[in-house]
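Residue numbers (our numbering), protein chains in the order written: chain A, 1 to 603; chain B, 1 to 351.
Keep in mind the hints are simulated off the structure, nothing from the lab.
Backbone N, C-alpha and C define an ideal beta-carbon position, used for all residues, glycine too.
Among the clues, some could well be false.
Unchecked claim - Restraint-style ranges between C-beta atoms, simulated for each label pair:
hint, chain 1, residue 1, chain 2, residue 2, range
1, B, P5, A, G436, 16 to 22 Å
2, A, T550, B, S279, 17 to 23 Å
3, A, R529, B, T285, 49 to 55 Å
4, A, N447, B, N17, 27 to 33 Å
5, B, M30, A, E75, 19 to 25 Å
6, B, S54, A, T518, 22 to 28 Å
7, B, S54, A, T427, 48 to 54 Å
Stated by the list, open to error - Stretch-level coverage of chain B by chain A, calculated; a stretch enters the list once three of its residues show a Cβ under 8 Å from a Cβ in chain A:
hint, segment
8, 4-11
9, 189-202
10, 287-295
Said to hold, decoys possible - Some chain A residues close to chain B (C-beta under 7 Å, calculated; not the full set):
hint, residue
11, V74
12, D76
13, A443
14, Y446
15, E450
16, I501
17, C503
18, P511
19, D513
20, P533
21, P546
22, Y549
23, G551
24, L560
25, C564
26, R570
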Amino acid sequence: MKRTDTSDPGYYHRVVDCQWACPAHTDVPEYIRLIAQGHFNDAYMVNRESNVFPGILGRVCDRPCEPACRRGRVEDKPVAICRLKRVAADLRDDIADRLPRIPAAKNGKRIACVGAGPASLTVANDLMPLGYAVTIFEALEKPGGLMRSNIPSFRLPDKVLDGEIDMIVDMGVDLRLGQRIQSMRALLDEGWDAVFIGSGAPRGKDLKLPGREAAAANIHIGIDWLESVAFDHVERIGERVLIIGVGNTAMDCCRSSLRLGAHDVKVMARKPRAFFKASDWELEDAEEENVEIIVNHSPREFLIENGRLRGMLFDVMEYDLDERGRILDSRVTGERTIFCDDVVLAIGQDNACPWIERDLGIEFDQWDVPLVDETTFQATRPGVFFGGDSAFGPKNIIWAVEHGHQAAVSIHRHCQGEALEDRLPVTMNLSSRKMGIHEWAYANDYNSAERRLMPHVDLKERFRKLDIEVELGFSPEQAAYEVQRCLNCDVQTVFTDSLCIECDACIDICPTDCLTMTADGSEEELRGRLKAPADNPEQALFASAPLKYTGRLMIKDENLCVHCGLCAERCPTAAWDMQKSKFKFPYAVDEDEAWQSRKRQTA
Amino acid sequence: MSFMPKPRVAHPGLPRNELGLTRRDYEGGMSTLCAGCGHDSITASIIQACFELSIAPHRVAKVSGIGCSSKTPAYFLSASHGFNSVHGRMPAVATGANAANQDLHYIGVSGDGDSLSIGLGQFCHAMRRNLNMVYIIENNGVYGLTKGQFSASADVGSKAKKGERNEQPPIDPALTALTMGGTFVARSFSGDKAQLVPLIKAAMRHRGFALIDVLSPCVTFNDHEDSTKSYAFTRQHYQPAVHTDFVAPATEIMAEYEAGESIKVDLHDGSHIVLRKVSPDHDPTDRASAYAFLRKRQKAGEHVTGLLYVDGSEPDMHMLNHTVQVPLNRLEWDTLCPGSEGLGAILARYR
Numbered sequence: 001m002k003r004t005d006t007s008d009p010g011y012y013h014r015v016v017d018c019q020w021a022c023p024a025h026t027d028v029p030e031y032i033r034l035i036a037q038g039h040f041n042d043a044y045m046v047n048r049e050s051n052v053f054p055g056i057l058g059r060v061c062d063r064p065c066e067p068a069c070r071r072g073r074v075e076d077k078p079v080a081i082c083r084l085k086r087v088a089a090d091l092r093d094d095i096a097d098r099l100p101r102i103p104a105a106k107n108g109k110r111i112a113c114v115g116a117g118p119a120s121l122t123v124a125n126d127l128m129p130l131g132y133a134v135t136i137f138e139a140l141e142k143p144g145g146l147m148r149s150n151i152p153s154f155r156l157p158d159k160v161l162d163g164e165i166d167m168i169v170d171m172g173v174d175l176r177l178g179q180r181i182q183s184m185r186a187l188l189d190e191g192w193d194a195v196f197i198g199s200g201a202p203r204g205k206d207l208k209l210p211g212r213e214a215a216a217a218n219i220h221i222g223i224d225w226l227e228s229v230a231f232d233h234v235e236r237i238g239e240r241v242l243i244i245g246v247g248n249t250a251m252d253c254c255r256s257s258l259r260l261g262a263h264d265v266k267v268m269a270r271k272p273r274a275f276f277k278a279s280d281w282e283l284e285d286a287e288e289e290n291v292e293i294i295v296n297h298s299p300r301e302f303l304i305e306n307g308r309l310r311g312m313l314f315d316v317m318e319y320d321l322d323e324r325g326r327i328l329d330s331r332v333t334g335e336r337t338i339f340c341d342d343v344v345l346a347i348g349q350d351n352a353c354p355w356i357e358r359d360l361g362i363e364f365d366q367w368d369v370p371l372v373d374e375t376t377f378q379a380t381r382p383g384v385f386f387g388g389d390s391a392f393g394p395k396n397i398i399w400a401v402e403h404g405h406q407a408a409v410s411i412h413r414h415c416q417g418e419a420l421e422d423r424l425p426v427t428m429n430l431s432s433r434k435m436g437i438h439e440w441a442y443a444n445d446y447n448s449a450e451r452r453l454m455p456h457v458d459l460k461e462r463f464r465k466l467d468i469e470v471e472l473g474f475s476p477e478q479a480a481y482e483v484q485r486c487l488n489c490d491v492q493t494v495f496t497d498s499l500c501i502e503c504d505a506c507i508d509i510c511p512t513d514c515l516t517m518t519a520d521g522s523e524e525e526l527r528g529r530l531k532a533p534a535d536n537p538e539q540a541l542f543a544s545a546p547l548k549y550t551g552r553l554m555i556k557d558e559n560l561c562v563h564c565g566l567c568a569e570r571c572p573t574a575a576w577d578m579q580k581s582k583f584k585f586p587y588a589v590d591e592d593e594a595w596q597s598r599k600r601q602t603a
Numbered sequence: 001m002s003f004m005p006k007p008r009v010a011h012p013g014l015p016r017n018e019l020g021l022t023r024r025d026y027e028g029g030m031s032t033l034c035a036g037c038g039h040d041s042i043t044a045s046i047i048q049a050c051f052e053l054s055i056a057p058h059r060v061a062k063v064s065g066i067g068c069s070s071k072t073p074a075y076f077l078s079a080s081h082g083f084n085s086v087h088g089r090m091p092a093v094a095t096g097a098n099a100a101n102q103d104l105h106y107i108g109v110s111g112d113g114d115s116l117s118i119g120l121g122q123f124c125h126a127m128r129r130n131l132n133m134v135y136i137i138e139n140n141g142v143y144g145l146t147k148g149q150f151s152a153s154a155d156v157g158s159k160a161k162k163g164e165r166n167e168q169p170p171i172d173p174a175l176t177a178l179t180m181g182g183t184f185v186a187r188s189f190s191g192d193k194a195q196l197v198p199l200i201k202a203a204m205r206h207r208g209f210a211l212i213d214v215l216s217p218c219v220t221f222n223d224h225e226d227s228t229k230s231y232a233f234t235r236q237h238y239q240p241a242v243h244t245d246f247v248a249p250a251t252e253i254m255a256e257y258e259a260g261e262s263i264k265v266d267l268h269d270g271s272h273i274v275l276r277k278v279s280p281d282h283d284p285t286d287r288a289s290a291y292a293f294l295r296k297r298q299k300a301g302e303h304v305t306g307l308l309y310v311d312g313s314e315p316d317m318h319m320l321n322h323t324v325q326v327p328l329n330r331l332e333w334d335t336l337c338p339g340s341e342g343l344g345a346i347l348a349r350y351r
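Generate the whole structure from the sequences, applying the supplied hints.
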């Protein structure tokens with residue numbers, strides 16, 4: 001097996017599962033340690049640097065970090081990473097003095113952003129400190145994009161949303177509310193130095209079935225309906241509601257319905273539970289509120305009586321699955337009528353840019369999706385950038401933030417006349433955590449605490465009003481427990497092969513049998529003959545150079561390492577050391593610093 | 001030493017043995033030996049062997065004397081019986097325990113100081129009686145606990161950490177065992193679990209005294225250049241003479257062994273050991289030939305390892321003494337106690 005190149009930041013980055021899974025590379029272990037130490041402001045700032053909206057994301061993030069969390073493989077429940085982020089946001093003091101300073105003298109470059117969602121706001125957040133004049137056009141009366149219009153206020157209170165959006169707008173962004181861009185040509189004619197399009201994926205999918213037109217008054221497109229609810233244009237819904245689809249939008253629709261007068265809400269799924277798109281925790285929250293989720297029902301017809309929606313007719317489905325759970329075949333085994341007063345369609349959404357003229361050099365593919373470079377986020381027309389859901393279709397807030405960061409880098413390079421592709425590389429710093437012979441500058445002992453449960457508002461109380469936030473957030477005491485569950489995966493096990501005397505001490509002590517010294521072989525073959533089976537191909541194997549006495553390799557299966565440091569503690573020659581990895585992901589401000597220093601050197 | 005115990009968390013895919021236990025269930029307390037001590041690897045090998053044999057931990061008695069090595073029974077099989085005895089007197093305690101209850105597995109852990117200096121007499125007599133036990137000598141050539149003086153197993157010419165040269169000839173535990181009638185004589189190295197674990201398993205199944213002399217480098221006092229028991233020297237002069245495969249009862253011998261090269265040794269419980277010779281001039285079933293071979297290789301400065309001699313047919317202590325075949329704690333009181341009349345009859349024999 002090839003010797004592992006640990007000087008490549010990618011290797012150790014992958015070990016930090018949460019940070020690797022986070023599109024914005026939030027330094028999770030670092031902020032969890034800061035929370036453990038009670039440094040909530042610092043924890044908030046670590047978050048803000050990468051994900052910009054810690055208070056918002058601490059409530060409604062899709063949390064790709066949690067399914068990735070190593071704790072979930074070692075035990076069964078991951079660290080409550082997302083809700084700890086909320087702890088940092090809830091318990092912080094005023095951090096206004098720690099936000100970047102906005103230069104009084106502008107650099108003369110004007111940037112237009114279309115849509116005031118997370119992507120555009122991130123672009124503004126990154127470019128304002130560099131002296132850019134950023135203008136955001138927003139069709140609605142309030143900023144926030146889908147964070148405002150599609151996420152109900154019982155999950156994300158306005159106060160939190162406003163607070164974090166204001167931090168950016170108060171940098172001096174020219175925010176033009178209620179101003180929908182109708183023509184890209186007209187916008188471009190205004191002579192902006194760059195245009196960023198973060199207008200989301202605003203077109204909810206429709207379900208063209210018999211009866212759709214006749215019952216239109218009681219059939220709602222999910223995302224449009226949520227927007228109407230958010231802006232108080234809709235205040236009631238019928239008593240019996242069917243939600244079609246089981247994504248996260250469906251979860252927001254069913255729970256919103258319960259707060260607008262519905263008593264009997266059913267979520268209708270075409271396929272079995274394993275195929276649901278909604279996150280497990282959103283399904284749990286909906287079911288806690290007595291929403292019924294019905295599987296294997298495929299919509300066939302809207303039933304009309306006296307010109308009004310009366311119910312829906314479904315085909316009852318049966319599926320044949322293979323051993324890996326994939327559908328091999330399906331058939332209709334019967335039909336079922338379910339009566340209802342309203343139907344909400346939550347079966348997906350598309351990005352749509354009807355306002356972009358197709359002769360401007362901005363190319364679209366056969367599905368009418370803009371052609372966007374995956375690294376630079378530039379469209380086929382130089383100076384035009386896409387990000388968020390409008391770039392590659394519906395994803396989530398945290399992806400939109402990362403798109404915004406990358407687009408900001410591109411915009412900066414574009415405005416300075418530099419090639420967009422020559423971006424600064426990701427860099428890594430390793431520093432030992434060794435304090436004494438057996439003392440480490442991190443809590444290395446494995447804490448067997450179980451995941452804390454999020455306290456919720458009482459079931460009766462929460463339906464009283466639409467905007468009663470259901471989740472109460474962790475108390476400082478609960479947070480103090482939860483932080484101890486983090487395994488500190490960023491404190492890396494660093495091996496120096498020339499120091500190893502092959503005494504086996506590390507192998508004997510490792511609680512999860514990650515280590516093996518063995519003869520060389522191909523990775524695939526090695527995985528089968530390690531001390532414990534390395535059966536997770538998603539997780540890397542570390543391989544040392546041949547060891548000096550026997551020529552064997554030190555192999556480490558990263559999969560279940562709990563970073564307890566015992567290998568380093570029992571190593572007589574310090575061949576193993578625990579070193580904290582810190583990654584630097586370059587933002588526009590770093591590009592600017594590098595550019596300034598290049599300019600000084602050539603001068 | 002580490003200040004935290006080894007976390008209880010384990011690999012979820014850890015295999016379970018016939019008793020439903022994992023290897024982790026055979027562990028003991030956290031080692032307080034120096035980091036990198038060979039003894040810890042031997043501890044791990046004992047754990048592995050007992051796990052693989054599906055031995056119930058409470059059917060094991062661990063006995064030891066004094067020294068670094070004698071601390072180690074605290075680090076394995078925390079659910080078993082144990083006796084940490086006086087320096088060099090572990091064989092006497094083991095003999096007494098075995099006399100009372102021959103159904104337990106006895107694992108004695110000793111060191112070169114404990115067995116070859118202060119306890120040499122005890123060591124020899126236990127072998128002479130063919131006491132049914134596994135006797136592991138964790139052999140590092142120095143008195144580690146008293147800061148590294150030469151022990152009786154130090155080789156001629158080996159140098160102490162501060163440069164002093166050893167001039168006295170060593171006592172070789174394996175040669176001693178061959179002389180004293182040992183019926184299972186093996187040598188191994190703490191850094192070679194592939195060899196050590198099957199040896200411990202075979203020793204556990206051998207009825208009689210099973211000696212395993214394990215070279216176990218002392219990282220603190222005897223792991224320097226010019227030491228003949230360092231990790232480096234042992235690796236360089238390491239000479240496996242026999243490959244030992246332990247085959248459990250009712251297991252087919254699957255591996256193909258070349259005729260003439262392999263010897264099958266039957267054990268009393270139906271299991272057997274398959275020995276594959278590496279050196280053609282060594283016969284592990286012939287005591288005299290084994291002795292001669294060992295002497296020759298010792299002169300050449302080699303650490304010869306493997307199961308060097310085995311004879312499963314010799315009677316053990318209980319057979320030699322015609323003692324009762326069941327543990328004393330399972331005997332009825334009437335049988336166990338001769339009564340006043342019986343005692344009188346016994347005493348009369350000596351009048």
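Taking the hints in turn, this is what the structure says about them:
With their beta carbons about 18 Å apart, P5 (chain B) and G436 (chain A) fall inside the hinted range of 16 to 22 Å. A C-beta distance of roughly 21 Å is found between T550 (chain A) and S279 (chain B), which places it inside the suggested range of 17 to 23 Å. For the hinted restraint 49 to 55 Å between R529 (chain A) and T285 (chain B), the CB-CB distance of approximately 32 Å leaves it violated. About 29 Å separates the C-beta atoms of N447 (chain A) and N17 (chain B), a value consistent with the hinted range of 27 to 33 Å.
The hinted range of 19 to 25 Å is satisfied by M30 (chain B) and E75 (chain A), whose Cβ atoms lie roughly 22 Å apart. With their beta carbons about 25 Å apart, S54 (chain B) and T518 (chain A) fall inside the hinted range of 22 to 28 Å. Taking 48 to 54 Å as the suggested C-beta distance range, the pair S54 (chain B) and T427 (chain A) conforms, at roughly 52 Å. Requiring three or more residues with a Cβ within less than 8 Å of a Cβ of chain A, the coverage given for the segment 4-11 of chain B holds, as 7 such residues are present.
Coverage of a stretch by a chain is defined here by at least three residues with a beta carbon nearer than 8 Å to that chain's beta carbons; for the segment 189-202 of chain B and chain A the count is 3, and the condition holds. Figure legend: the segment 287-295 of chain B, annotated as covered by chain A; annotation inconsistent (0 residues with Cβ-Cβ distances under 8 Å, at least 3 required). The interface hint given for V74 (chain A) is met, as the beta carbon of that residue sits about 6 Å from the closest beta carbon of chain B, less than 7 Å. Interface hint at D76 (chain A): violated, since its Cβ lies 9 Å from the closest Cβ of chain B, which is beyond the 7 Å cut-off.
Because the beta carbon of A443 (chain A) sits about 10 Å from the nearest beta carbon in chain B, more than 7 Å, this interface hint is broken. Interface restraint check for Y446 (chain A): the shortest CB-CB distance to chain B comes to about 3 Å, inside 7 Å, so the restraint holds. Evaluation of the E450 (chain A) hint against chain B yields a violated restraint, the C-beta minimum of about 13 Å exceeding 7 Å. Hint status for I501 (chain A) relative to chain B: holds, with the closest Cβ pair at about 5 Å, below 7 Å.
A hinted interface residue such as C503 (chain A) counts as satisfied when its beta carbon comes closer than 7 Å to some beta carbon of chain B; here the least separation is about 4 Å, so the hint holds. This hint holds: P511 (chain A) has a C-beta 5 Å from the nearest C-beta of chain B, less than the 7 Å allowed. The restraint placing D513 (chain A) at the interface with chain B holds, with a minimum CB-CB distance near 5 Å, inside the 7 Å limit. Look at P533 (chain A): its Cβ gets to within about 5 Å of chain B, closer than 7 Å, so that hint holds up.
For P546 (chain A), the interface hint is violated, since its Cβ never comes within 7 Å of a Cβ in chain B; the closest pair sits about 13 Å apart. With 7 Å as the threshold, the beta carbon of Y549 (chain A) comes within range of chain B, its nearest partner Cβ sitting at about 4 Å, so the hint holds. Given hint, G551 (chain A) at the interface with chain B, is violated; its Cβ is 11 Å from that chain's nearest Cβ, farther than 7 Å. Below 7 Å, beta-carbon pairs count as interface contacts, and L560 (chain A) has one with chain B at about 6 Å; its hint therefore holds.
For the restraint placing C564 (chain A) at the interface with chain B, the shortest Cβ-Cβ distance is roughly 6 Å, inside the 7 Å limit, so the hint holds. A distance limit of 7 Å between C-beta atoms decides the matter here; for R570 (chain A) the minimum to chain B is near 5 Å, and the interface restraint holds.
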